[in-house]
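Visitor: Residues per chain, in single letters:
There are 2 protein chains.
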Amino acid sequence: MPESPVPVNLAERLARFSDLWAQKKVADLNDYEIKLAKLKGEFVWHSHPETDELFLVISGRLTIRLRAGDVVLDPGELFVVPRGVEHCPVAEEETAILLVEPVGTLNTGTAGGPMTRAAETLDGAADRVTPAPAG
Amino acid sequence: MPESPVPVNLAERLARFSDLWAQKKVADLNDYEIKLAKLKGEFVWHSHPETDELFLVISGRLTIRLRAGDVVLDPGELFVVPRGVEHCPVAEEETAILLVEPVGTLNTGTAGGPMTRAAETLDGAADRVTPAPAG
Chain A
-11 MPESPVPVNL AERLARFSDL WAQKKVADLN DYEIKLAKLK GEFVWHSHPE TDELFLVISG
49 RLTIRLRAGD VVLDPGELFV VPRGVEHCPV AEEETAILLV EPVGTLNTGT AGGPMTRAAE
109 TLDGAADRVT PAPAG
Chain B
-11 MPESPVPVNL AERLARFSDL WAQKKVADLN DYEIKLAKLK GEFVWHSHPE TDELFLVISG
49 RLTIRLRAGD VVLDPGELFV VPRGVEHCPV AEEETAILLV EPVGTLNTGT AGGPMTRAAE
109 TLDGAADRVT PAPAG
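These protein sequence lines are chains A and B, in that order. Heads up: the first sequence runs through residues -11 to 123, numbered per the numbering used here. Heads up: the second sequence runs through residues -11 to 123, numbered per the numbering used here.
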């Protein structure tokens, strides 16, 4: 019998890592990934031609620079960067965010460069329940 | 020139409605919707054969009953109910949640019944920026 399913506690998962600009997967949703990241400083201008990208700020403050203007996100605020829109995340203080995007979306989009990192999995991220037999 | 893009403040959006078990769309992510809902009481057992469903608790406490056992979510905790898994959300106190699932996912899945409601859009939910011209 499988163990009882458990939720993903975001604060607990954030406490497990300290590296900046690394995306840590905490859950799967169909062919999407739910990821956490800690940011501080300025990232690189980039875009994702194939997908929108959701940012939700958990702690700190995130500025998403866009050619149309800056979007400033405090905790409890989210923003979806549409596909193809150039953006550059900037955080003056250390900032924790939740990301939702399709599996395989690179953090630097098509820009590449030394900050490019594939998403990593935190232990326990794959907690899923098994469908019970019908009836 | 478009207005500066603005983030979605979850608390501000939650303050705009009070009806229970209604899903209010606050953002689009490709062919997925980001929705808010307020829950109190017991929903109906149902499943979504075609999709996983993400629950993130913002305030209150949500119990997701599964045939494999209950999952109890406090604020800052998320859980993905896999496709095809029967579940029944229950909230003893009023609870606010964020949902992520494909456009058109019905709240009662294949169970139907009087609690079935399509997602509604809160004013301002469609704030999106227009891609800037290349170059």
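No lab work stands behind these hints, which were simulated from the structure alone. There may be inaccurate statements among the hints.
[As the list claims (entries may be wrong)] Once the Cα atoms are required to be at most 20 Å apart in a straight line, the calculated SDA-like pairs of lysine to any residue come out as:
1) Lys28(A) <-> Asp58(A)
2) Lys28(B) <-> Gln11(B)
3) Lys13(A) <-> Ala(-1)(A)
4) Lys13(B) <-> Ala84(B)
5) Lys13(A) <-> Pro70(B)
6) Lys13(A) <-> Lys28(B)
7) Lys13(A) <-> Glu80(A)
8) Lys13(A) <-> Glu65(B)
9) Lys13(B) <-> Thr109(A)
10) Lys13(A) <-> Gly48(B)
11) Lys28(A) <-> Val(-6)(A)
12) Lys28(A) <-> Glu80(A)
13) Lys28(B) <-> Gly48(B)
14) Lys13(B) <-> Ala10(A)
15) Lys13(B) <-> Thr93(A)
16) Lys28(A) <-> Thr104(A)
17) Lys13(A) <-> Glu108(A)
18) Lys13(A) <-> Thr109(A)
19) Lys28(A) <-> Pro90(A)
20) Lys28(B) <-> Thr39(B)
21) Lys13(B) <-> Pro70(A)
22) Lys28(A) <-> Ser6(A)
23) Lys28(A) <-> Thr39(A)
Note that the structure is predicted; figures quoted are calculated from it, not measured.
Visitor: State for each hint whether it applies.
Guide: So, going through the hints one by one against the coordinates:
With a CA separation close to 17 Å, the supplied pair Lys28(A) and Asp58(A) stays within the 20 Å bound. Restraint check for Lys28(B) and Gln11(B): satisfied, since their Cα atoms lie roughly 13 Å apart, inside the 20 Å limit. In summary, the hint linking Lys13(A) to Ala(-1)(A) is supported, as the alpha carbons are separated by about 14 Å, within the 20 Å threshold. Annotation: proposed proximity of Lys13(B) to Ala84(B) holds, straight-line Cα distance about 14 Å (limit 20 Å).
For a cut-off of 20 Å, the pair hint linking Lys13(A) to Pro70(B) stands: about 16 Å separates their Cα positions. The straight-line distance between the Cα atoms of Lys13(A) and Lys28(B) is roughly 30 Å, outside the 20 Å bound, and the hint therefore fails. Taking the CA atoms of Lys13(A) and Glu80(A), the gap is about 24 Å. The hint is violated against a cut of 20 Å. Between Lys13(A) and Glu65(B) the CA atoms are separated by roughly 14 Å; this keeps the pair inside 20 Å, and the hint holds.
Proximity of Lys13(B) to Thr109(A) is assessed by CA-CA distance (about 29 Å); at most 20 Å being required, the pair is judged violated. At roughly 25 Å between alpha-carbon atoms, Lys13(A) and Gly48(B) are farther apart than 20 Å, so this suggested pair is violated. A distance of roughly 30 Å separates the Cα atoms of Lys28(A) and Val(-6)(A); the hinted pair therefore is violated under the 20 Å criterion. With a CA separation close to 6 Å, the supplied pair Lys28(A) and Glu80(A) stays within the 20 Å bound.
Pair hint Lys28(B) plus Gly48(B) holds up; C-alpha atoms about 10 Å apart against a cutoff of 20 Å. A C-alpha spacing of about 29 Å is found between Lys13(B) and Ala10(A), which places the hinted pair above 20 Å, so the restraint is violated. Our distance criterion of 20 Å between C-alpha atoms is broken by Lys13(B) and Thr93(A), whose separation comes to about 24 Å. Pair hint Lys28(A) plus Thr104(A) holds up; C-alpha atoms about 16 Å apart against a cutoff of 20 Å.
For the hint pairing Lys13(A) with Glu108(A), the CA-to-CA distance comes to about 6 Å; that is within 20 Å, so the pair holds. As the CA atoms of Lys13(A) and Thr109(A) are separated by approximately 5 Å, the hinted pair is consistent with the 20 Å bound. Restraint check for Lys28(A) and Pro90(A): not satisfied, since their Cα atoms lie roughly 24 Å apart, outside the 20 Å limit. For the given pair, Lys28(B) sits about 24 Å from Thr39(B) by alpha-carbon distance, which is inconsistent with the 20 Å threshold.
Distance hint between Lys13(B) and Pro70(A) is fulfilled; the C-alpha atoms sit about 16 Å from each other, no more than 20 Å. Distance hint between Lys28(A) and Ser6(A) is fulfilled; the C-alpha atoms sit about 11 Å from each other, no more than 20 Å. Pair hint Lys28(A) plus Thr39(A) does not hold up; C-alpha atoms about 24 Å apart against a cutoff of 20 Å.
Hint compliance for this structure: hints 6, 7, 9, 10, 11, 14, 15, 19, 20, 23 are broken, all remaining hints hold.
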